[in-house]
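Throw the hints in and build the complete structure from the sequences for me.
With my numbering, letter number 103 in the sequence shown gets 103, and the count goes up by one each step, no holes.
Think of the hints as simulated: they come from the structure by calculation, not from any bench. We put the CB at the ideal spot given by N, CA and C, even for glycine. Worth double-checking, as some hints may not be accurate.
[Unchecked claim] Label-pair ranges, simulated between beta-carbon atoms:
| hint | residue 1 | residue 2 | range |
| --- | --- | --- | --- |
| 1 | Leu63 | Ser26 | 50 to 60 Å |
| 2 | Glu55 | Gly78 | 50 to 60 Å |
| 3 | Val104 | Ser75 | 21 to 31 Å |
| 4 | Val76 | Asn54 | 27 to 37 Å |
| 5 | Thr61 | Ser26 | 44 to 54 Å |
| 6 | Glu55 | Arg94 | 44 to 54 Å |
| 7 | Val76 | Ala102 | 51 to 61 Å |
| 8 | Ala80 | Glu57 | 29 to 39 Å |
| 9 | Asp82 | Glu55 | 36 to 46 Å |
| 10 | Lys46 | Lys83 | 48 to 58 Å |
| 11 | Glu55 | Gln92 | 51 to 61 Å |
| 12 | Gln92 | Tyr112 | 23 to 33 Å |
| 13 | Leu35 | Ser75 | 56 to 66 Å |
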Amino acid sequence: GTAAAAVVAGLAGADGQDRSGIDPESLERGNDQGLDTLSERVGLLKMATHSIRNEAESQHTILDKLGMGFASTHSVLGSASDKFKMVMSNKQNRNITLVIVASVALLLLYWYWKKSG
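As structure tokens, then:
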């Protein structure tokens, strides 16, 4: 660039000879190599940043779907709980429910006893 040319021009004498003992072309090559290395690192960081952003968006989508699933399950369980409370509020319904639960429990015990014996 122009700044590099000014530095190089300042190192050279009026006759164009380099008085500092530093070769301007080697300085330019070193700068070019440094820029190439820096450019590669910036490219790698850019790719890593895009990869992280894509992964974060993917995780966000998964979490949104999971949240909707939990909300749906909560709604279904709340509805079932309300219906169960309504059934259990009547004494006759409560007795019928207890008979059904006891019958199922006895059948399971009988099945287990036959299976193990």
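Here's how the hints hold up against the structure:
1. Leu63 with Ser26: 50 to 60 Å: holds, 55 Å
2. Glu55 with Gly78: 50 to 60 Å: violated, 34 Å
3. Val104 with Ser75: 21 to 31 Å: holds, 27 Å
4. Val76 with Asn54: 27 to 37 Å: holds, 34 Å
5. Thr61 with Ser26: 44 to 54 Å: holds, 53 Å
6. Glu55 with Arg94: 44 to 54 Å: Given a distance of about 53 Å, which is inside 44 to 54 Å, the answer is holds.
7. Val76 with Ala102: 51 to 61 Å: Given range 51 to 61 Å: violated, Cβ gap about 27 Å.
8. Ala80 with Glu57: 29 to 39 Å: Roughly 35 Å apart at Cβ, these two residues keep to the hinted range, so it holds.
9. Asp82 with Glu55: 36 to 46 Å: Given a distance of about 41 Å, which is inside 36 to 46 Å, the answer is holds.
10. Lys46 with Lys83: 48 to 58 Å: holds, 56 Å
11. Glu55 with Gln92: 51 to 61 Å: holds, 58 Å
12. Gln92 with Tyr112: 23 to 33 Å: Check passed, 31 Å falls within 23 to 33 Å.
13. Leu35 with Ser75: 56 to 66 Å: holds, 60 Å
Violated hints for the displayed structure, listed by number in ascending order: 2, 7.
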